[in-house]
Amino acid sequence: MTNGFQIVVCGSLVPDPLQTLEPVTTPQGPGLKNETMLPSVLDPWSAHALFEAAHLAKQVAGSKVWLVSLGPKAKLQQLMMTVAQKVPFELVALDGSASGFTDAHGVAAALADAIGAIPGLDKSRLLVFGGCASASRDASVTMQLVGERLGICDQFVGVDEIHVQADGAFSVLERIEGGEYLASTCAGAPAVLAWATGNLPEPPNNPQIGMGNMRGVMPALQKAKPAAVGVGGIAYAKTEIPAQKRQTRIVKDASTDEIAREIVEWIRQ
Amino acid sequence: MDADIVCVGFGPATGGFLTTLTRALMKPDGTPAFESKVMPGMPLQIMCYERADDIGFGVSGVVTKGRAIRESFPGVDLTKEIPNAVATGHETVAYLFDPIGASRRTAGTKFMDGVFKHGRFAMGKGPHASELPWIPPFLRKEPGFVMSVGAFMSWVGNQLMGSGLVQIWPGTPVSGPVMEGDRVVGVRLADQGVDKKGNPEASFMPGMDIHARLTVVGDGPVGAVGRKLDRHFGLPQGNHQHDWAVGMKAVVELPASCELKPGTVLHTLGYPEPEIFGFMYVYPDRTASLGIFVPSWFDTPIRTSYRYLQHWMMHPYIWRHIEGGTLRSWGAKSLQESGVRGEPYLVGDGFARIGEGSGTTNVLTNSGVDEAWRSGVLLAEGVIELLARDAEFTKGTLKAAYVNRRRADALDEELQVAKKGRDGFQRGFFTGMMGTGMTGMTGGALNLSVESCPPSARIPTLADVCAGRIAPDKLAEAVEACAKAKQPLHDALMTLAGWPEIPLDGSLLMSHQDVLFKGGKVQAAGGFADHVTFAKPELCAVCKERTCIEICSAQALMPGEEGGTPEFDREKCIHCGACIWSCSKALPGDPERANVEFSAGSGGLHSNEN
Numbered sequence: 001m002t003n004g005f006q007i008v009v010c011g012s013l014v015p016d017p018l019q020t021l022e023p024v025t026t027p028q029g030p031g032l033k034n035e036t037m038l039p040s041v042l043d044p045w046s047a048h049a050l051f052e053a054a055h056l057a058k059q060v061a062g063s064k065v066w067l068v069s070l071g072p073k074a075k076l077q078q079l080m081m082t083v084a085q086k087v088p089f090e091l092v093a094l095d096g097s098a099s100g101f102t103d104a105h106g107v108a109a110a111l112a113d114a115i116g117a118i119p120g121l122d123k124s125r126l127l128v129f130g131g132c133a134s135a136s137r138d139a140s141v142t143m144q145l146v147g148e149r150l151g152i153c154d155q156f157v158g159v160d161e162i163h164v165q166a167d168g169a170f171s172v173l174e175r176i177e178g179g180e181y182l183a184s185t186c187a188g189a190p191a192v193l194a195w196a197t198g199n200l201p202e203p204p205n206n207p208q209i210g211m212g213n214m215r216g217v218m219p220a221l222q223k224a225k226p227a228a229v230g231v232g233g234i235a236y237a238k239t240e241i242p243a244q245k246r247q248t249r250i251v252k253d254a255s256t257d258e259i260a261r262e263i264v265e266w267i268r269q
Numbered sequence: 001m002d003a004d005i006v007c008v009g010f011g012p013a014t015g016g017f018l019t020t021l022t023r024a025l026m027k028p029d030g031t032p033a034f035e036s037k038v039m040p041g042m043p044l045q046i047m048c049y050e051r052a053d054d055i056g057f058g059v060s061g062v063v064t065k066g067r068a069i070r071e072s073f074p075g076v077d078l079t080k081e082i083p084n085a086v087a088t089g090h091e092t093v094a095y096l097f098d099p100i101g102a103s104r105r106t107a108g109t110k111f112m113d114g115v116f117k118h119g120r121f122a123m124g125k126g127p128h129a130s131e132l133p134w135i136p137p138f139l140r141k142e143p144g145f146v147m148s149v150g151a152f153m154s155w156v157g158n159q160l161m162g163s164g165l166v167q168i169w170p171g172t173p174v175s176g177p178v179m180e181g182d183r184v185v186g187v188r189l190a191d192q193g194v195d196k197k198g199n200p201e202a203s204f205m206p207g208m209d210i211h212a213r214l215t216v217v218g219d220g221p222v223g224a225v226g227r228k229l230d231r232h233f234g235l236p237q238g239n240h241q242h243d244w245a246v247g248m249k250a251v252v253e254l255p256a257s258c259e260l261k262p263g264t265v266l267h268t269l270g271y272p273e274p275e276i277f278g279f280m281y282v283y284p285d286r287t288a289s290l291g292i293f294v295p296s297w298f299d300t301p302i303r304t305s306y307r308y309l310q311h312w313m314m315h316p317y318i319w320r321h322i323e324g325g326t327l328r329s330w331g332a333k334s335l336q337e338s339g340v341r342g343e344p345y346l347v348g349d350g351f352a353r354i355g356e357g358s359g360t361t362n363v364l365t366n367s368g369v370d371e372a373w374r375s376g377v378l379l380a381e382g383v384i385e386l387l388a389r390d391a392e393f394t395k396g397t398l399k400a401a402y403v404n405r406r407r408a409d410a411l412d413e414e415l416q417v418a419k420k421g422r423d424g425f426q427r428g429f430f431t432g433m434m435g436t437g438m439t440g441m442t443g444g445a446l447n448l449s450v451e452s453c454p455p456s457a458r459i460p461t462l463a464d465v466c467a468g469r470i471a472p473d474k475l476a477e478a479v480e481a482c483a484k485a486k487q488p489l490h491d492a493l494m495t496l497a498g499w500p501e502i503p504l505d506g507s508l509l510m511s512h513q514d515v516l517f518k519g520g521k522v523q524a525a526g527g528f529a530d531h532v533t534f535a536k537p538e539l540c541a542v543c544k545e546r547t548c549i550e551i552c553s554a555q556a557l558m559p560g561e562e563g564g565t566p567e568f569d570r571e572k573c574i575h576c577g578a579c580i581w582s583c584s585k586a587l588p589g590d591p592e593r594a595n596v597e598f599s600a601g602s603g604g605l606h607s608n609e610n
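Protein chains in written order, with our numbering: chain A, 1 to 269; chain B, 1 to 610.
In case anyone wonders, no lab produced these hints; they're calculated from the structure. Incorrect hints may have been included.
The list that follows gives simulated cross-link-like pairs (lysine-lysine, DSSO-like), each with its CA atoms no further than 30 angstroms apart [claimed, not checked]:
1. B:LYS80 x A:LYS223
2. A:LYS75 x B:LYS117
3. B:LYS521 x A:LYS73
4. A:LYS75 x B:LYS518
5. B:LYS536 x A:LYS73
6. A:LYS33 x B:LYS518
7. B:LYS80 x A:LYS225
8. A:LYS73 x B:LYS80
9. A:LYS223 x B:LYS27
10. B:LYS261 x B:LYS117
11. A:LYS238 x B:LYS228
12. A:LYS75 x B:LYS80
13. B:LYS27 x A:LYS225
Which stretches of chain B does chain A cover? Using the computed rule of at least three CB atoms under 8 angstroms from a CB of chain A, they are [stated by the list, open to error]:
14. 161-170
15. 188-194
Glycine residues also receive a C-beta, built at the ideal position from the N, C-alpha and C atoms.
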């Protein structure tokens, strides 16, 4: 293809999963204890999508990557310090809730509006990337809703691989049941790709990329529009923490054989 | 890559520096007050590189008077802005008796035990403890506040980045200064995409050089840049860095039964060993930061901070407050306890030193965060002055603008008072307490000054330490069994010395390995070289004490093959740096330098709650 892709990645922050996360009920609804204090990371699903987007942009000349990110502005700012050194992108920031309890419909509406408002966007070159489980409590619906709102019919969910051909057509591997892949071929953009984990490692921190990105990041944060996500319209009848299934016992002086026997017994049960 | 100013390490000192500097960078009309020399027409290009994976990751709950910090934010109630911060409330210093009978108590300590036991009629009482009826003014922290330094630095970082005038990059270890002769012209970032030994792999990306007119070194007492500068320039005549401690701390969610009010400050001495001091600071929402300090003058190779922390927590005086609680977060950090005695050359051509690594810790008042912040503020004021004159950052201009400013400030005045406040501890706990009292009560006029020696020179042999406590045959058996099992020695030897086993409950008292998962799992990004190595493996081969393994806060150093160097697991290391000053083997010809090499590395703690 001659002009390259315009790749818009939807991705925002989640509490660092390495932290101790404790669900609580807040006046605003369900939340996490000390949520404002918890360090954040880029949602790992979206992170894969971002790295894949950057990789694709490198392969296809003339391509460009945007990162559309919905979250509290101050937290987005901090997140950018860890993300912006990884790959080049232009940030479009939306100031709103990034809570895991925010509804997928509201998030998708805000993201689609922001994508639609990107100046100079050419839909015939548009690929919308995101995490397949992002902002949807693992229901894989948010990216599909974004696609619907943008009028994009070709949608792929649980993507692990994309191969672009010279004419702009591409083949996609989507995860399906039983460890199998569904292989599809698409004639070209526009399309929505909701990524699973992809195959790329996390890029190293590159200070030059960071410096380049930051020229656009701070202005983008300064003009971040408020997104009325999760504000009214939703009542949580009930929230429940999944039952903990981990069973921990402290055992001293048990032989390897005894431990192995017990594990086998436990598996049999 | 080029910048105007590059900072190494984002701790309180750099926070103070950048907070002060960024406020002077723009004119009221929105145009730059100082133009960048590397990007003409733009504001100054200021970079800050932080080793940890996010700003605020690390360890330290503190109580501080916070004078300099509050001065930087006039009219702001920091206890409302910073999560978990609260005004200092009731302060208590308690002397803990040994309820077990296993700690090492010399004649001097037994004398102090007697004084505190027989003087209880005039003191507050606690279970197996006496509370001092009066706290000397130099130790008091009122008015002040209790806070998590991690939470504080996150807040400061957000303010700075929100200004758009500085870029703070976490997850970016700096391997050392870039030097041209004695001039620092920037820093070199650590190589990425290398194996454990630093050999390039497929994704190799050599550490980039960041050239800058001024390099601000605030990477703490064990930072790679500061240590390399010390190696290059040496320390000023008469200064030394012989005194260290590792502070091992935990954040605990207190049980509902705990009646301590937010802002309560407890300091303890006397137990689990006389040399080990403890503290507990109560945050809001029934949470507390607590821990111990294990110093380099704790003369034993069995220096396990973790097990001693657990014994301290289980002392009846502390346990009554925390029993039934939950450990939320944990960590450790080395403290440069020589204070102003350890001050390096503060400036040179192209660089300036701030913070703990520049000798700002006040070893008399046991205060370091506010002092570090103040040093950053003072440097920023000097830099603004030089920028206004369009002067170069030379040794001479920086001395006039920063060092002289620091010498004239109350910071230095207080550091000089404290200078000899810890000297007595070189001769033991009792002498140390006498010396601290003398210095504190006379404002530094009278001191108990003694000669000091490098930490490696004072670690006794196992046989000497265990004499009279563990029979030689039992000691030999334990050493052999631990070597065979490739385990550290401290658990076996402490048990033999009469310390009870820790009744692990998986909630408040957990195994050393389990605690690495609390409050943000300890981990490290791939692609970096091992940052702990050994200069001369042959010294490890004859080392019997292996104190580096015993002190290791995260069991990242473990016994290797017999006669070999310890095995290092980079993914467990929390970068406390205790191995550096706990090595008992000085390098031949350089008694001030031990065998452990500690360089820039990524990863570590992932909690900003501490």
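Hints, one by one, checked against the model:
{"no.": "1", "hint": "B:LYS80 x A:LYS223", "verdict": "holds (27 angstroms)"}
{"no.": "2", "hint": "A:LYS75 x B:LYS117", "verdict": "violated (53 angstroms)"}
{"no.": "3", "hint": "B:LYS521 x A:LYS73", "verdict": "holds (26 angstroms)"}
{"no.": "4", "hint": "A:LYS75 x B:LYS518", "verdict": "holds (23 angstroms)"}
{"no.": "5", "hint": "B:LYS536 x A:LYS73", "verdict": "violated (50 angstroms)"}
{"no.": "6", "hint": "A:LYS33 x B:LYS518", "verdict": "holds (15 angstroms)"}
{"no.": "7", "hint": "B:LYS80 x A:LYS225", "verdict": "holds (27 angstroms)"}
{"no.": "8", "hint": "A:LYS73 x B:LYS80", "verdict": "holds (20 angstroms)"}
{"no.": "9", "hint": "A:LYS223 x B:LYS27", "verdict": "holds (21 angstroms)"}
{"no.": "10", "hint": "B:LYS261 x B:LYS117", "verdict": "holds (27 angstroms)"}
{"no.": "11", "hint": "A:LYS238 x B:LYS228", "verdict": "violated (58 angstroms)"}
{"no.": "12", "hint": "A:LYS75 x B:LYS80", "verdict": "holds (18 angstroms)"}
{"no.": "13", "hint": "B:LYS27 x A:LYS225", "verdict": "holds (27 angstroms)"}
{"no.": "14", "hint": "161-170", "verdict": "holds (count 7)"}
{"no.": "15", "hint": "188-194", "verdict": "holds (count 3)"}
Hints 2, 5, 11 from the earlier list are contradicted by this structure; the remaining hints agree with it.
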